[in-house]
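From just these sequences and the hints, can you work out the full model?
Protein sequence lines correspond, in order, to chains A and B. Under full-length UniProt numbering, the first residue of the first sequence carries the number 1, and numbering increases by one thereafter. Under full-length UniProt numbering, the first residue of the second sequence carries the number 1, and numbering increases by one thereafter.
Since the hints were derived computationally from the structure, they do not count as laboratory data. Treat the hints loosely; a few may be bogus.
Claimed, not checked - Simulated coverage check for chain A against chain B, where a stretch passes if three residues somewhere in it have a Cβ under 8 Å from a Cβ of chain B:
1) 6-14
2) 96-109
As the list claims (entries may be wrong) - Covered stretches of chain B (chain A as the covering partner; in silico rule of three or more C-beta atoms under 8 Å from a C-beta of chain A):
3) 4-18
4) 436-443
What the hints assert, rightly or not - Subject to a maximum C-alpha distance of 16 Å in a straight line, what follows is the list of computed EDC-like cross-link-like pairs (lysine to aspartate or glutamate):
5) Lys12(A) with Glu405(B)
6) Lys590(B) with Glu62(A)
7) Lys96(A) with Asp442(B)
8) Lys447(B) with Glu140(A)
9) Lys447(B) with Asp95(A)
10) Lys12(A) with Glu408(B)
11) Lys513(B) with Asp654(B)
12) Lys590(B) with Glu63(A)
13) Lys12(A) with Asp406(B)
We put the beta carbon where it would ideally sit given N, CA and C, even for glycine.
If you want the building blocks of each chain, they are given just below.
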Amino acid sequence: MTGLGLPRRIIKETQRLLAEPVPGITARPDDANARYFHVVVAGPSESPYEGGTFNLELFLPEEYPMSAPKVRFMTKIYHPNIDKLGRICLDILKDKWSPALQIRTVLLSIQALLSAPNPDDPLANDVAEQWKSNEAKAIEFARQWTRQYAMNNQTPQPSF
Amino acid sequence: MVDLARQAFETNNFDLAAEIYDRTIREHGPSAELYFGLADSYARAGNFRRAFDTYSKAFRYGKIVPDQLEHLVTALIKTVAMESPAKLTLNKNVIFTCLICRNLLREPVTIRCGHSFCRNCILRDQKETCRNCETLIDRPLRASQLKCNVLLATVIDKWFPSEYRAARLKTEANAIFEKEKFDTAIELYNEAIKLAPRDHILLSNRSRAYAALNKFKKALEDAEKVVMLRPDWPKGYFRKGSALYELGHYEEAVVAMLQCLSLDTSVSTAKVLLSKTLHKILSLLPPDDPKSVDLQKHLNPSLFDRLIQSNFNPGLLLPHISTATVDQLKQIIGDTVSTAANFIDGPNADSRPDFQQKTNDSTEEQASTSQENHELHRKSEKIPCVGSSQIKESPNVDSSLVSKEDFECSLCYRLLYQPVTTPCGHTFCCQCLYRCLDHCADCPLCKSSLVQYLAERRQTVTQSVEGILENYFPEAYSERRKNHEDEMVELASMGVDKQHDIPIFVCTLAFPKVPCPLHIFEPRYRLMVRQCMESGTRQFGMCICVGEAEEDFSDYGCMLEIRDVRYFPDGRSLVDCIGGKRFRVLSKGKRDGYNTAKVEYMMDNPVKENEIQEMTSLLNKVYDMCKNWIDSLSSSQKQQILNHFGEYPGREPDELTAANGPMWQWWMIAVLPLQPSIQLTLLSTSRLKKRLLGLRQILGFLNSKNN
Ligand SMILES: [Zn+2]
Ligand SMILES: [Zn+2]
Ligand SMILES: [Zn+2]
Ligand SMILES: [Zn+2]
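In structure tokens form, the structure reads like this:
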């Protein structure tokens, strides 16, 4: 892992992500910075986020894979585990990170988090409260936000 | 007289015993008892020609049962026993072979020393040390702790599918044999042997099944193949001997039993069969000629004859496994193996019923078989192997099954290099795993605790996996090795010029020649120290933090040379360093999470000719001031300082010309209660005079405060 330039691991992960993308997710490295990824996650079906497309940024810090990628939602989202700044409460991005995990696993976990919000381990307290006290209403909010912020929000990406 | 002879015999005076028996026979006439005593004496004295001759006479004079041949059997075994089984060179360079059962690894477990064995084999084995490298094994092993080497198991399963199928068939066949459905068992063995034609245990088991059906010719055929495949395996000879006995080829049977016993003297079933066979031979021998024409019709009498002629020279028994011919043997067998078919099976196949010989023997003997089987099983394992399964150690594998991706490290995504296997059975590059362990003592894949593994600082490479990499991916692996070596060269060339970064430890200030013990706990510095040690540079730069951010380290620093590293069980370490050259930072960088810098080493400006006198007196003055200050300390303060920094250095002859000036000034700068910024100023100047004046001022201030 020593040496200048991009570690072999990041190159390989990127190649594999491009060759076999995670269904419902695109992750594209930035042209200027190979450690920075533009991620688009489609709202999972049968979730309040269905139909939405969410932009995220994913950054691989210098210590990656010894430390977790840094991931943030750029698109506003109403979710008990995602705060106003788009920060995500996900154990594998924090203390449960392991260097054997990879970008792909992180993306899959985020997708799963959209399908199954966990208000008992909240990051956005007001959202979590709403979720716990009136789930139906919370889900309605989430749908509304999805319509408002996550639809027709994509700038056409250059094909690659 | 007979009493006297017995006495001599019992005190191992066999020549004397023979003499007395001989005289008694001449004086009092022959009897079965006397001839027998004489024959036993000859036998125990090692004179087998005469012994056989005399035994046959004894047979003429009375009825003798096989058990009475005990002394002959004992003497023969003693004569043929291989002095030391170590005579046989054991091919320990194994990849897929378990050195306990000497078959294809089944549920491989990699132990501390990096060698792998079948899970069941290593659990059941009694040996206290590794059969490959003699490293002590922590017995008793606990089954729950023995985790399968996932990578190795997957690869073996994938690469040798038919051997695996054969192994399953064998287990099935053995179970059916126990139910005495011999025909069905043979059908299953046939099927298995088709898949694994060189599995000696399959052949041996089928031989046993044929024998159970009284098909001794078939049993012999299989036994002969076994012996050919595994000339070092005692059980093969036992099988062969049993079949020969049943076929009435007694002399050959004796040879086979002796071959078995020469490899393992403890095989009781072979001993019993040996005395029965000898009994048959002796009953047939005419008194005057131990080698009658009658016996010539039997197979291969010449070897038996030659054995008697040579007084049972053991070299005649197993000439084909003498050390000299091992290589030749390897060649022969290796050339004929075109597939991996010689690898199969697991420990179960060397099964318990294997040694139960269905013969017309007495019930007494049968009762004891099971225990003996067990004994044989155990003993036989001790014999080193030159057998087939070890000879071709990198068998050809269907190339479509060989995929480099299977050997990719899940941490660096490169081909595994120096693969190590954790107790939980996961394999990583040694370097990658230790880098993870810097951060967290859990397995990166399964989160099992590796606290113990880390505490032992185990770094033994998993031999089998490395063997696979070297044999099946030679180019990729040597390229990987080269990458690693290049990285080491890169690390090793730190600071050789202004282009090569040195690692920077941002912590405190260090000074030339002043000891600096460090407690290393941060993951990135653990890595840094490890890299310094592995690359052999054993040094890094020490700077002090001068700002908010991590990168804001001082523009000047001092090299630290690692004298010793002591590791705590959790991976932290105490590093004993001593200051080296001073440097000025030219530019800053990062590597693997820690800071680096391109630097320029610095030294003091030479003292001008006209300043020498002034400088000398300044040196003397400041030295004495320092000494006074030290003397003014309380003894406990003084002790503390000495413990940490060592003794106050004495004067040196070249104080004015040394690159860093006198050592004692640095010692003083390190010891004095100074602001780091002042220390840094003193460190970064290349003028000795400036430092000395600085010291003088500081000491003046301190001394006035004390007074
Ligand atoms: Zn084994
Ligand atoms: Zn070993
Ligand atoms: Zn690796
Ligand atoms: Zn594990």
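**OP:** Kindly indicate which numbered hints from before are broken by the structure, ordering the numbers from low to high.
**Re:** As far as the earlier hints go, 3 and 8 are violated by this structure, in ascending order.
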